[in-house]
Structure formats: structure tokens, C-alpha cells
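Using the sequences and the hints, build the whole thing.
Chains as they are written, first to last, in this note's numbering: chain A, 515 to 624; chain B, 837 to 1446.
Source of the hints: derived by calculation from the structure; they are not laboratory data.
Since the model is a prediction, treat every value here as computed from it, not as a measurement.
Each hint should be verified, as a subset may be incorrect.
[Unchecked claim] Only some residues are given here: those of chain A computed to face chain B with a beta carbon under 8 angstroms:
1. 540
2. 541
3. 567
4. 571
5. 574
6. 575
7. 576
Glycine included, each C-beta is placed from N, C-alpha and C at the ideal position.
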Amino acid sequence: MTEPFITAEEVEELFAKLESLELSDPQRALLSAILKVAGDVTEVAEEAEERPFSDQFATSFTPHHAALVVAYAASSSLISRAAPPCPPVPPGSATPALISRSTTPGSSQP
Amino acid sequence: MTAPTVLVSMPFMQADRPSIQLGLLKAIGEAAGFPVRTLHANLDFAARIGPDYYRLLADHRGRQVGDWLFSVAAFGSSAPDADGELPEEFADELTYLAEGSESVRDRLLRTREHDVPAYLDALVDGFDWHRTGVVGFSSTFQQNTASFALARRLKERYPDLVTVFGGANFDGEMGLELVRSVDCVDYAVIGEGDRAFPLLLAALAAGTDVAGIPGVARRDGDRVAAATPSPPLDRLDDLPAPDYGEFFERSAALGLPTTQVWLPFESARGCWWGAKHHCTFCGLNGTTMRFRAKSPQRVLDELVGQSRRYRAFRFEAVDNILDPAYLKELFPALADGRHDFQIFYEVKANLTKEQLKVLARGGVTHLQPGLESLSSDVLRLMDKGVRAAQNVNLLRWARYYGIEVGWNILWGFPGETEEDYLAQAAVVPHLAHLQPPASAAGIWLERFSPLYARPDRFGPARHAVEPSYRHVYPETVDLARVAYFFDHEFADALPPSAYEPLAKAVAEWSAAWSGSRPSLTFRSTRGFLQIDDRRQQGRDGTYTFHDALADIYLACSDRPTTAPAVRSALGLDRPVADVEAAFAQFAERGLMFLDGRFALSLALPATPGR
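Given below as C-alpha cells:
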């Protein structure tokens, strides 16, 4: 059986609705007990781990950095005609990685 | 054998394209067995005064300068402004006609007193009119008096020659009054001429009575006799393709360039939106609003045929609004057939991203959407049937797909508020990466428009014939029945100062666009978004957003979207209020356009072709 799931926000909303019910004290005590038991077996979702929107907006803008994005955009049209950049040189090898990519299977090169 | 009919297009029709009216009527007349020639006489005047000067005169419709230039030639001693008062009365508005050290008034008077008579003499002497039976004039906007001037001279020299007039200037009571008051007009065709024209030619050739021909008007003593026009033509597929051969011959003979010509074609008539909700300021389609369209296959065949016939790839649709059916059949067929056309169309501004993509793939490179405001409140007053966010979205995706957009901001509508224009002025700097309007100005009050015709709905307005008309027509012409433009003032009109902030913002927008074009582009991957902002010089930068904020921004990119819709589409746990708060924050940074409950992301994908 799937474990019941509810968000903290929905729990708050439920309590607000229950508050508005006209109940006697014993009825309210019973309802509280029921909710306590039910709460023990229900997973309440944690707040999202995302940063608050306001924090993101406050730090969202980076002046001048735009030039790098545009340079990347401008160069993207050349990709189909130019060789991709070389991968890093393998450790312990003195041979540029470009050569290793051009070797055929069975080569003695690493 | 029947003497040929000559169809004439006089100044100030544009000189860089053939007249579809002449081309179509020639083809219709010849299909009915009558020899018809076309004379694009407007080309001769453009060649005489220079294409650039001619273009200025042909483009401008605010004051009747073009008609004024031919008024004396048309009406002789009855012309009202022999002394040349018009250039002085409207001097502030005519500065665009200045050249060198010569004053605008001197330039216009020189044109009127030297170029116009010499031009008309050359036209009368340079064409074999003596073998012509009927001369037909097509007149739209400022073509009336030049047409009257030539007709008058021709009838003086060839009294038996019959003149027939038609075109938008003869629609409704305008045509009836011109038939009554201008004696060189023998007949006029009121409304669409496709059926009346060959019937009229047949009657004239046979010498029979023209009285029963639908839409034909003539003087009968002191009154005008006119038969009720036929209902607008339904089966546009039955029309022939226009014949433009003589336009290219004459352009070449006059040394005018023809390599950049946009060939006019007609795929539809009327306006399907106007038939339901007539835009309040629009006076087009006076008596022929009902929408009719050619079949997609017929349009495709015509474009291919005309391209081969005239060695042209550029086409200008003369339609007032695109038939939505073409989005499913015509443009996909144009794309699939790999036709390298460049096409202009007028469209309603509620096109979606996908529809603009279809148009672009099908060869549409230029659009004129009915896009007249960035305020939904003002658009509602216009009965436009679109929101401001839809207008902005059209500008966005048109730019993305490489489509030029011709549009204008209009103001001066009954019920508008100062806030409507302050809000537009405030948002304009955020739109710097989109194509600016060609102009921002008050509306012209046009005959046939609801604003003119429905004072019961729009309140009492002071309106009078646009004042330059009285410098053009003699007193014997009832201007109230002939004029198309009217000066006006509505009871609750805003002061001119209300529009100044928007006018200033638009001027800055245009200036920025004329240089290296500003941009606002984004790149994204799952949960990560960067927006490159290059709209304001010196304030370039990159915005970076993650996770839900990135998703919210991207969810509002294709079309205007509401916060509940975004929350639902993304399955967000956060309340709608959080999404709305994010909208507000994006908008504060000029990254979103807010329009009531709708939000629209303003950046465009950096990756082309999506």
C-alpha cells in the first residue's frame, strides 16, 4: 500500500478548515487524537529545497558576463565546419590527444 | 472590330509595382473578347519628377497634397487654390518634402505649374488615343484629380471618347457624388467591377443601354442614375491571373528599376474579422466586407505561373487579412515544394509561434499584422479581438523566424485613459529587441469606419471634412460626400500631452533598432536558464535562473500564459501566488510582459530553427 502523502501547505489548509468547525470540547479532543494517529502514518513533504525565489532574483544578474554567452552563440554556427576541441592529454602520455583520436582500433597507442 | 479600351493608373499610385486593378480588369476584359490595354501612366510622372520625390508624395495620405497638385489641371478656373495656399497652411506637416534650399511651397508649386502640365501634354500626345474607344481609370486614395485632369484633356481632344471610373474612391456615395459633379466622368462602376466591367464594355460596343448593368452609375440630367451593385463576387477561383506585361514594358522604357518589384496578387477579399467585429477605426472594405478566398491550390498555381511569367519571386498579397485555411494547406505546400518566394501578407495579430513558423517556412518574409497598440484596454476599445500580449508575442516570433513586421501604434479612441499610454511608454524599453512600430500617432477618421458611422455607439464627435480637401475640389463638389478622411474630436479626448511619453519612448526604440539591433536571448537545459540581455547599451548582462524559476520562465515562452496554468503544467507544489510573484519579479527586470492575468516571457531562444 502506498504511504499517504500530503504537503505541509495542505496540512495547514486542513487545520484552518477544521478550526472553523463548531465542535464540542470532547469532539475536538477526539478529532485531535485521530489527527495525531493519522499524522504518524502520513508523510508530510518537506519544503522544497530550492532557494527562495527572492534570493534567486536578487543574485540573478551578472553584468558583462553576457559577452561570453554571445561569443558562444556566435561560435556555435562554426561547429559543424570545425573540428571539436581536443580532449585533455591522457596522463602519462606525451602525445596530444588529437592523435589518439585519429588512430585506428588495434593501434599500439593507449 | 471593337476599338481597344485603355485602362489607366494615374499618380499617385506607387510606381514600384504594377496595378492589380489594371492587370485583373485587362485579363477579365480580354477573356470576354474585348481588346484591353493598360497604361501605368503613374510611371511617367515618377520618371519625370524623380522616383524618390514621387515616393514621398505617394506614401503620404494625411493631407491631399497629391490631389492638390493636379487640381488646377483637373478643374481649371474652378479649382479652389490657384494661389497655392495649401503648402503654407500645412507647412509644419510638409517638411518631409523639403529638398535643398528650395522651400517646400516653391517645390510643390514648381511641380504643379510645370511638371504636371508637361506630363499631361506628353501623355495626351504620346499615346494612340484616336484608336481608343473607352478609357477606364482606377482610382484609390490620391488618384482622383490626376485621373480627372487626363480625362478632361482627352475629352477636349477626342469628344467621342468614353470615360469610365472605378476603384475604392468610387465606393458608395463618394462615387455617386463624383459622377454628379465632375463632368469628365461618363460612367462609374460602384463596388467590385469584375462582372460590371465586361458587361459595360459589351453595352458600349453594341450601343445598348447601360442602365441595367449592376453597379454602373451615370449622369441623367441633374441626377445620377445607378443600378444596384451585384453582390460581391464569391468564386474568386474563377478570376484570371492579372496581366502585368505592359507595366514591365513601360518601366523598362522609362528607365525605372524593375528587379525589386513585388508582384501584387489577390488571394482573398473582404475581412472575416471585420464581418464579425469591425475594427472601430477601419474604413477599408466599405461595402464589400464579406470574406471570400481563393482555394489554396489556386493561389499556389497562380504564384508559380506569375513567377515564371514575370521572372519574379517577390509577391505582395493585396488581401486585408490572411485566410486561416492557408496555414494548413497553402504555406505547407509552398514549403514542401521548395518555392523560393518572398511573400508579404496582412494578417490578424493573434498568430501563434507555430503558425508564424509555418508562414516563414512557406516564404512569408514580410507581415503587416493589424497591430496597433500595446494596451489590452485600448485594443478592446478598437474591437481588435487580440490582447497586447498576443501582439508582443507576434513581434517576438516574427523576429525569431526572420519576418519583417510593419505596424503602427494608434491613439485617440473614445474611452481611453492617460494610464493606458503611460503603461505602454513604461514597457517599451523592455521590447527594444523587437521590431518597433513605423509610427505612433493619432487615428484618422475614415469614412465607413464604425467611429465615423456609429455616433450612437461612440458618442457625439465633432467631425468635419479633412481641411485640405477644400484646396482640391471646386465648390460644386459636395465634400461631405466625397471625402474619405475627416478631422474629428471625441467628447472625452485626452490632451496631446497624454501621448508624449509614449511618442518619446517609440522614437528611442526606433533609434536603437536602426543601429546594431538589440537582443534578448536565452539558452536552457533542465533546471537551468541563462538570459543574455543586450537591449540597453552599457547595461548588458546575463540573468541566471534555476529549477522552478527557470521552468516558470520557459513555460511562458511560447504563448501568454496564466499563473494557474503554469502551476498546473509544471506540477508545482508552490501556491499560485508564488508563480504570480515570480511573474512580477521577471517583469520588474524587463524579462516578462504582463497583461492582466497573462505573462509572456520576452527573451527568444538563442538556438535558431525551433
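A quick look at each hint next to the structure:
Taking 8 angstroms as the C-beta cut-off, the interface hint given for residue 540 (chain A) is violated, the closest approach to chain B being about 35 angstroms. For residue 541 (chain A), the shortest C-beta to C-beta distance to chain B is roughly 31 angstroms, which exceeds 8 angstroms, and the interface hint is violated. Annotation: residue 567 (chain A) was flagged as interfacial toward chain B, and the flag holds, the nearest CB pair being 5 angstroms apart, inside 8 angstroms. The beta carbon of residue 571 (chain A) comes within 5 angstroms of a beta carbon in chain B, closer than 8 angstroms, and the hint placing it at the interface holds.
The beta carbon of residue 574 (chain A) is positioned within 8 angstroms of a beta carbon in chain B (closest approach about 5 angstroms), and the interface hint is therefore held. Below 8 angstroms, beta-carbon pairs count as interface contacts, and residue 575 (chain A) has one with chain B at about 5 angstroms; its hint therefore holds. With its C-beta approaching chain B no nearer than about 5 angstroms, residue 576 (chain A) sits inside the 8 angstroms limit, and its interface hint holds.
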